[in-house]
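Enquirer: Protein chains in written order, with the numbering used here: chain E, 1 to 383; chain P, 1 to 383.
Simulated from the structure, these hints should not be mistaken for laboratory data. Careful, some of the hints might be misleading.
[Stated by the list, open to error] Now the stretches of chain E that chain P is said to cover, found in silico as 3 or more residues with beta-carbon under 8 Å: (1) 73-83; (2) 89-100; (3) 146-160.
[Unchecked claim] Examples of chain E residues lying across from chain P (beta carbon under 7 Å, computed): (4) Ala10; (5) Phe16; (6) Tyr41; (7) Glu44; (8) Pro49; (9) Leu50; (10) Ala125; (11) Gln127; (12) Gln142; (13) Val349; (14) Val351; (15) Met352.
We treat Cβ as the ideally placed atom computed from N, Cα and C, and that holds for glycine.
Each chain is listed here by its residues.
2 protein chains.
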Amino acid sequence: MIDDTEMSNALLPVGFCDILPIDAEKEAFALHQIMEAFASYGYERVSPPLLEFEQSLLAHSGAGVAEQTFRLMDPETHYMMGLRSDITPQIARIAATRLINSPRPLRLCYAGPCVWVSGAKHHAARQILQAGIELIGVDSPQVDAEIIAITAEALGSAGICSVSFDLMMPQLAQAIIQTESFDYVQTKRLMRALDRKDVAAVQQYGGSSAGVLTTMLQAAGPADRAVEMLKGLDLSLDVQPILERLLTAVEAVKRQSPNVQLTIDPVEFRGWDYHTGLCVSVYVHGISGEVGRGGRYLSNNGEPACGLTLRPDILLQLVDYDESRVQRVFVPFGLTMNQVRFLRQEGYVIVMGLCADDDHIREARRLNCSYVYQDGHLHSVSG
Amino acid sequence: MIDDTEMSNALLPVGFCDILPIDAEKEAFALHQIMEAFASYGYERVSPPLLEFEQSLLAHSGAGVAEQTFRLMDPETHYMMGLRSDITPQIARIAATRLINSPRPLRLCYAGPCVWVSGAKHHAARQILQAGIELIGVDSPQVDAEIIAITAEALGSAGICSVSFDLMMPQLAQAIIQTESFDYVQTKRLMRALDRKDVAAVQQYGGSSAGVLTTMLQAAGPADRAVEMLKGLDLSLDVQPILERLLTAVEAVKRQSPNVQLTIDPVEFRGWDYHTGLCVSVYVHGISGEVGRGGRYLSNNGEPACGLTLRPDILLQLVDYDESRVQRVFVPFGLTMNQVRFLRQEGYVIVMGLCADDDHIREARRLNCSYVYQDGHLHSVSG
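Throw the hints in and build the complete structure from the sequences for me.
Expert: This is the structure in structure tokens:
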């Protein structure tokens with residue numbers, strides 16, 4: 001029945017896929033649960049478009065995703081448009097323009113697909129699904145903690161409970177390096193050593209900060225132990241406030257989310273280009289790579305902002321969606337939908353028969369139904 | 001606070017927009033209600049990608065939307081990809097390939113954004129939202145009626161009840177014209193006359209079919225009257241079965257959906273290029289232009305199929321979403337989310353205070369809250 005042309009038409013570009021039953025339903029369920037959780041903490045939904053002019057889409061924090069963004073020419077204006085690869089810069093734009101007069105803190109949430117020019121390390125996908133929150137207008141550890149607590153709760157409401165948050169403070173190592181009078185080459189060499197977590201190289205190239213940086217490298221891991229080690233550091237007056245802010249944020253997170261697993265990576269800075277404070281990677285037991293990320297930054301007009309984006313598409317295999325809850329009822333030909341609508345209200349899925357001479361029980365089984373509705377009753381067809 | 005650069009960044013290409021609170025929530029609500037209705041009649045969700053190779057995206061029924069489809073080069077393969085302008089051809093592809101072995105009738109539903117190169121007549125939008133159903137594998141009037149009845153119910157569940165369906169049978173006029181021995185020019189002239197509903201021109205150019213076609217033109221309108229007029233037509237043996245099928249389908253629709261408003265346009269064929277049977281335009285009182293459309297066609301591998309796509313984005317202004325249902329509670333700084341989570345379970349929206357010295361009542365009002373939670377109680381801040 002399926003010829004060669006159909007087979008080649010079934011091929012999709014690498015990184016794009018058809019999501020089939022039951023997975024598509026599962027993804028919609030996870031997304032719904034996550035967005036309900038966001039909404040229940042006062043995060044109001046906005047929905048920016050898939051395409052924008054390049055000039056706005058890739059401005060500010062959007063600059064970081066320019067290489068991952070497909071471009072298209074707008075035939076109306078002949079300006080270039082970008083197919084969004086990240087929704088968060090769009091939210092910053094909306095907060096700084098259309099919602100500039102809304103009361104602060106501005107709490108926004110969003111969900112939708114994005115497209116990448118090429119796939120990421122752990123996932124070949126080039127079409128991804130984002131769902132996230134942003135809190136704009138307040139710079140405090142309580143905000144950082146709120147973002148993390150709501151993310152944990154949103155994941156929990158989709159049935160994903162084994163979550164850990166890796167906390168980072170990209171400015172910390174950068175500020176320490178700046179206290180040294182290193183030239184460009186020396187600075188890059190040390191940063192590469194830190195990026196590789198290469199203790200020997202850090203000790204060799206770290207100058208007078210070698211000890212502090214080595215301790216920070218060794219502190220990476222569970223939050224309680226890391227905090228103890230970091231508290232003992234002897235830092236300059238310029239650097240100390242950055243550490244203090246990290247420690248206060250960790251305290252706030254522990255207070256809001258006493259049950260989540262927290263780790264700290266105090267020297268990490270890679271991939272956090274426009275961030276200005278606490279950064280977060282979200283991991284879930286059983287899935288390799290991040291399932292979400294976020295942090296503190298300055299919004300387009302300089303307002304303090306903190307946000308976090310989840311990837312419901314990656315989480316699919318762990319979503320607590322029980323398809324056996326859905327009981328399908330075969331309704332033989334001849335009954336009208338009005339006559340069986342009450343079944344829908346009782347939570348059954350109705351499958352209308354389309355042929356008068358069907359063998360009802362066989363037809364019900366063939367169509368994956370558990371019951372036939374006949375003579376005003378549900379008759380089980382299992383066994 | 002907002003400078004010129006930000007203002008120009010706020011400009012979006014014509015036909016693209018930011019959907020802001022409360023509209024974005026409203027759209028998500030309408031979409032959720034519609035998809036729940038589809039699912040409750042056994043339509044299983046599939047989710048095809050935003051981009052596909054041109055070759056598959058624009059094959060079969062996709063050919064009709066080629067002009068409305070943006071193209072992009074895949075840097076991985078150097079093949080051209082299309083950014084989908086319509087999901088229905090993707091569903092036909094999935095039914096003919098990945099789900100070729102699933103039992104028939106195959107009932108599928110889908111929802112998602114599409115992008116058009118240029119806007120349509122009644123709506124400038126170039127990013128649209130589709131939500132629809134397809135039933136594949138059975139050719140019967142009962143299927144046509146089921147598709148329409150479920151669409152009406154889905155709209156009703158989003159609070160949209162004043163719906164009318166305009167039924168068409170594009171083959172009918174075409175088959176009548178073919179009984180005349182007209183050349184290309186004569187045929188085009190008559191088709192243009194029918195398209196313009198120009199009775200005088202139809203009578204002039206209609207040959208021996210002029211009388212039948214004029215009656216059909218005059219029959220356009222409410223279904224009951226139209227059926228009576230069409231029943232009296234004297235048609236050739238080739239054409240009569242097409243009319244019979246239309247009349248049987250109308251009967252089936254009336255039986256499944258006794259309360260929906262039905263009209264028939266028996267000479268309409270424009271815009272129904274790949275359709276092979278009953279076609280439907282959906283209208284809603286208070287909105288100009290179609291809010292949905294669909295009909296019968298042959299799926300990619302020749303299977304009979306019937307589907308209908310709604311446009312939840314157009315319906316927004318009529319969606320029954322009562323934002324006053326959402327009661328916001330201001331929770332003063334110091335309480336943890338664990339301490340107020342029960343409010344969420346009771347259906348309240350929680351707005352966490354972020355500053356210790358807030359005037360709670362003023363802050364609650366400023367943030368659009370109806371209550372402050374204090375000393376274990378909700379205190380109204382209205383009045």
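Enquirer: Of all the hints given earlier, name the ones this structure violates by number, lowest first.
Expert: 10
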